[in-house]
Structure formats: C-alpha cells, structure tokens
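> Read off the chains here:
Protein chains: 2
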Amino acid sequence: MAILQTTPDSLSNLAQQTQKAAQQLADLSTQQRNQALEAIAQALANHKDEIAAANATDCEQAKADGIPEALQARLKLSETKLQSAIAGIKDVAGLSDPIGAIQIHRELDTGLVLKRLTCPLGVLGVIFEARPDALIQITSLAIKSGNGVILKGGKEALNSCQTLTKVIHEALAETDVPPEAVQLLTTRAETQELLSLDESVDLIIPRGSNSFVRFIQENTNIPVLGHADGICHVYVDEGADLEKAVAIAIDSKTQYPAACNAMETLLVHSAIAEQFLPQLEKAMAGKGVTLRGDEVARRILPQIAQATEADWETEYGGLVLAVKIVDSLESAIAHIHTYGSRHTEAIITENASLAQTFLNQVDAAGVFHNCSTRFSDGFRYGFGAEVGISTQKMPPRGPVGLEGLVTYKYQLTGDGHIAETYSGDNAKSFTHKDL
Amino acid sequence: MAILQTTPDSLSNLAQQTQKAAQQLADLSTQQRNQALEAIAQALANHKDEIAAANATDCEQAKADGIPEALQARLKLSETKLQSAIAGIKDVAGLSDPIGAIQIHRELDTGLVLKRLTCPLGVLGVIFEARPDALIQITSLAIKSGNGVILKGGKEALNSCQTLTKVIHEALAETDVPPEAVQLLTTRAETQELLSLDESVDLIIPRGSNSFVRFIQENTNIPVLGHADGICHVYVDEGADLEKAVAIAIDSKTQYPAACNAMETLLVHSAIAEQFLPQLEKAMAGKGVTLRGDEVARRILPQIAQATEADWETEYGGLVLAVKIVDSLESAIAHIHTYGSRHTEAIITENASLAQTFLNQVDAAGVFHNCSTRFSDGFRYGFGAEVGISTQKMPPRGPVGLEGLVTYKYQLTGDGHIAETYSGDNAKSFTHKDL
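These protein sequence lines are chains L and Y, in that order. Its first residue numbered 1, the first sequence is counted upward by one per residue in the working numbering. Its first residue numbered 1, the second sequence is counted upward by one per residue in the working numbering.
None of these hints come from the bench; they were simulated from the model. All values reported here derive from a predicted model rather than from experimental measurement. Heads up, none of these hints are tricks.
The list makes no distinction among identical chains, and a pair is therefore deemed to hold if it is satisfied within one copy or across any two copies.
DSS-like cross-link-like pairs, simulated, lysine-lysine; straight-line CA separation at most 30 Å: (1) Lys433 to Lys115; (2) Lys393 to Lys115; (3) Lys48 to Lys155; (4) Lys90 to Lys393; (5) Lys90 to Lys76; (6) Lys81 to Lys428; (7) Lys428 to Lys287; (8) Lys433 to Lys90; (9) Lys428 to Lys244; (10) Lys166 to Lys76; (11) Lys244 to Lys433; (12) Lys428 to Lys90; (13) Lys63 to Lys81; (14) Lys166 to Lys90; (15) Lys244 to Lys115; (16) Lys428 to Lys282.
Between the sequences and the hints, there should be enough to build the whole structure, so can you do that?
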C-alpha cells in the first residue's frame, strides 16, 4: 500500500477517511485490537533491515545538514531502540482495555436500562519531533484505545516515518483494523491545516518544546492534551524536618533538571530560613546548582545573585534555582498561584494540619507532601503508559494514561419506552436503581 | 453588605477576589457548605416580601417596555416559584458531596501514597437569561461543589438579581463561606470581559438560545459547558416493531418539541417505508406535526412538502419533522454523522446485533435503542441536578450533574521520599498496590 501523499486541499478528505476508519475501529473487540498490535510488532521485527536503511538515510542527511548532535541522537533508531519499541507495543497490548468500561449501570424503570460506557474519542492528531520510535508508541496507544490517528513527525525523520507507516499499513491490512486508521502527514503546511480540522479531529497531542506546545494551544479550537510550562515549587514550612527538606529539594531540582516536574523556585518560611539556607546552599553547590535569592535570602546568603520578577516566571530547565522567603503558608500559596503553572507543587512540613490546608487550597494537578516533585509521572503513578501531562483544570489532568484517549457515551436501551409515561398528573416514577 | 458595582476595569480584580474566596471554600467540609445552603434557604424565606417587591419592579418595567409575554412569564418570581427554588436549595444540600471523592488510592511504595481526589474547578462564570430563580439554583450548585461563581443575569431581571444577591451575601456572612464567593455582574460589557478572564474563571455555563451559546463558545478560551444545537435523529430500521416506532417517534417529536433532545429528522429504512410512513403520517397529523420528506418519502406520501438540504441541518424546535429514506444502517449512521449535533441518536429495531452496531458506531453523547430521545436528561438519568447538557467529545459529556462542576487533583504524601531511589542501576521497585 502506497503512503498517501497529501496536500492541504486533500487533508480534510484524509481526515474524514480516518474518521470513517475510526468508526469501524470503535466497533472492534479488545481481542481484535490486540491482534492488530501483535501484527504490527511482528511486521516491524520482520522489516527491521528496511527500517534501519530508511533511518540511515535520515541520519546521514541530518549530519550533512549540521543538525545538533542531541537531535541526531534522538533521530537514530538503533536496533536496540527498535526492539524496545516493539516490546513497548506488546506491553500496550497487555494493558487493560480502556474502552467499554461501565461507569454507570442503572435501571431507570423496568426494561429501561442506562449504561455509561467509555468509548474512543475518534481521531487523534499527534505532532512530534525527531524521534521515529514515538510514531510506534503513539500508534499502538491509538489502536489500543480504538482511535484513529493522524501523525506528523519532524521533517528530519521523514524517511523513517514513511517506512514505519508503510510497514504498519501492510500489517494492518491483514487484521480487522482498517489501515486508514493510521495516517502520516509529511509537510509543515499540513500541521497548520490539521489544527483547523475541528470537525474531524478530536484531540491534538503535541510533543515538543514549551513554545511549540504554546503555539499549538493558541492556534486550534481542538482540545489539546499537554502543557506548555512546568514551573513547580517546593515550600519548606517552618515545621519542616530540614534533613528531609534538603534531600527533597536536591531531588526535585537535580534528579532530571530538564523535566517539566523539576522544581524551579524554592519557597522557605522566614522562621527557619537562617538555619535552612546554609544547609541548602552547601548541598546545592555540591550538585552544581546556582542559587538566586530575593532580598531576605541574600541577607542570609550574600554571595548569591539577586532574583528578579523574571526569575519567578522562568522554567530554567537546568541547574539554577530561585529562592524566596515567605512569612506564612498563605504567602507561599499566593506566590504559587501567581507564578505556578498548576503542574506539581510540594510542601515540606511535619505539621499535618498545615499540610492538609496546602493540599486542599493549592490549585495544581499534583499537590505533594514530604516528597519530591519528580514523582509526578504516569509510570511512577502506575498507569503503564503516559500519553502526556495536562495542566488544564478540566479532566484529564496531571499525568494521563490511556484513559486520556477515551471519552464516554450514554447508552439507553428500552422496549418502546416513551417519556410521556413519566410526566404529567399520572406520571409513573423512575426506579433509578443501580445495577 | 452593598453589592459591588463593577466596571470592566475592575472586573479582573473582582474575579481575583472570587478566586481567593473559592480557594477558602475549597477547604471547607461538606457540613460547612451544607450549612451555608441552609442559611441561604432561610434568608430567602425571611426576605420574601423584599424579593417580591424587587421582582414586581422588574415585571412592571418589562410590561412597560413591551417585552414578549413568554419572557415576562419567565421573569415573574411568584411566591410558588420562590418556595420551589428554596426547596431546590434543600434538595441540593441533600445530594452527596461531589468533592473529596477518592478515585484512585494507591501505595507507590511503603509510606508513599497516591490519592486522586475530586476537587472544585475554582470559579464558574454563569450567564443566564430572564429567570431570577436560575440565580438561586446556580448559586446553590456552586456552593455545594465548592466553587466560586460570577453570575450575569438578563437585564430585565436586574432588580430581582440584585436583591437575591444581597440576601445571599447577608446569609453567607453568618457562615464559613466567604460572601465574595458569589458575585453578580449587571452590564452587557461585563459579559464580554468575563469571557476573557481565562486566568481566573475556569468554566463558563451559558443558559440561553442556540445562537447565544454559539456566540459564547466562539468568543472565549475558557471551557464552555453546554451545547448550541440539538439535532437528534430517530432511525427506524427494517427490523423495527412499527407500533413501537410510531409511539417513540411521536414522543421524541411532540412530548416537548422545543427541547434540545426532541427529534428533528426521522430516518426510515426503505424496506419498511411503504408500510410505516402512512401510519406515521396519520399519528403525526393527529399531533399537529407537519412532515417534510425527501423524494423517496414523497413517492409514498405525495401530499407532504419537499425536504431540502437545509432541513437536515435545522433544529425546528416545533411541530415540523423531516423524513428521509435510507437503504441501510450504514447510510443512517452516515447521515447522522454529517448532520447530527452529537446530542442524542436513537435506533428502533428488534435486531439486537444491528442495534449494537448502531450504539457502538454512532458518535453522540446519547445512543438509544427502542426508546424516546426525550429521556436524555439529567433528572431522568437520576443525577438529582442538571447543570447542562454537553455535546463536546471530552468529558463531561451528555447531561451533566454536579460532577461537571468538579475536577480532580493528585495528592501524593510521603515521608522524605525522593525519585532518585527508584532510578539507576540499583533502582528500588514501586509496589503500585491499590489500597
């Protein structure tokens, strides 16, 4: 099967094709979807040489174009990475089915039964960068959750993505999943067009830099799963165990500084600042972290640079930490609400009552007590797969597993039941009995 | 307490005040929120004469302005309506608490416990029309769900809304709920401004005409709970029991034709059209319903008017029904996906397998088998309260009760736990044990 070459003019048709295929996919059993995943895994293993060759072409071109080495590394689909991606497909097949779960099962009256069932969203639009293995992972999550998917990879990975999609299409042709459920876009113009297809695309998942995600969020009416900024705080309360506080601060800042769940600003209660800051400074220096402090912090640690307003709004993504002294839990929460990105916020204290106030009042996807912000992650939460982390208010929120790719519908089955029976003077009562 | 008079310049401040009050509200117990509801109910009863006087002023002005009688009727807050609204507050107090529900409770490792808990959204923006009793209902739902609320009623109801808000503020001042959690806007300019406050308003709930809801949806980045169109279909399959089909079609069309869950187009399988249409026509004529048919339908019922493309896209909201003949379930589904508004879609058939395909493949908030579309309603589903009906894909979808006013957050509590323990060569394993 040839890969469809699209122009913006034909993209709307392609999305409708995907939508129609997704509709068939929604009607397949767990077993039929899992069989398709097994077939893809097998086909990728069988075509590993062809895939390696296509990837080599991309890597040579990237080198010739002088693309940054970090990007070249992500582009490279080594045999180990491919085997790991294939193992990932089998893991996804083994996850419990996110669709068809009964959330409400209620008799409204004899013979009139309501079910609220999880069901696929429809069509996902996924825009990712250089990593060709992302295509494999996303496709398997889409099929598992009964969704069609329109993929757009980075242009550096064009040959790799085209070959992977061809192999996936060939594999699906032998299964009950229509190959049209998985589509690949190849040009930047198509990305723009994709964002306008709110009639046929139900969710956009961007994987890339903060500015890229923000661009997507600001340029589409389609719901976007993801987050732009990750400005997380740790608040060290006056009731903190300072040893724990140092260890948690170090882990939150340095365990993986580029991650969205790393700490950017540390808030410290004034009552323990004099005792705590020198310990903190020593430990952070040992990890190569540069501190920037507000005026009060700099009275205790005069050697550190002054933090300005801009620091409170910055996601450093590296070994820099802003430090602010606050006089109360209330001030800490106010700072978090002004500058935080509603991602993950932690309090360190042995005072259970204050901790509970923090957990109740702080508005963020993750509110943590006496542990590192770095735990905010779908795998660590035990979700098996992570589709993204959402900082929006409405669910799905926080780390999102497969359940972020499904919605629900109400199924009502009767036997000729009409609403008139239940209205007016002689209205029959509903039984509303949960089954 | 005086009602805050706002101008667009001060609205952002007012929204921040509401947000701060909502943050305190989020920290209150079920009992504290229910006590506030009881206090409001009592205060409204105590001030019924003052409320009646304010409402009389509005009603006289509306009459003098020659406002349509239907609108005048909705504006009138009779003692019966007020008593019913007060009873409604007590009903809301009696509903189970939508916040603090534990959705996930999982040990990640010894002493490191994850909970996913429902929590308030924050601040609701509710824009409604003439009915002053809507203000009472919405305020009670907001307080029950721990949310602040910014209300904007129709200008005809200005005196009524101001007096109701004053009484509510006075009542709340004697409770643990900060009065600032409930705010009233009074000018149209403020509505526009409200739609731009995506930093402090978390959900917009518009109550009004289709075009009004569409305007709101197109002019805000804040999530909107509601629906513009309600174009619902009933598909009478060749395997239908025709007697049931007539009864369900009559109910779906005529039980309350102005409702969003009323049927607008009837799809009929060609194999039974000749037998079914004359029965349908007779029953519909008896209810005063005018039919419009496609060409095939008009071969059987030549007396009815021709349906055009525009009919398939029209929510009549009255006693008109479009009829289309289709050759298959697939054609029926295709028509529904092209013209439906994803609200409620029904199939009438005795063929269980075809019915299941319809329920699986049709993408709508409600998919019904052998019952009237009119059942698509929060009270009929047994939700106790209905906040709105959503036709969006992402949850909350369909009729939405109190759960539509809450989101969730992840609370993780540890005792000094850091992520580094669980990574690298000697990584400790997570236990991931549901509690």
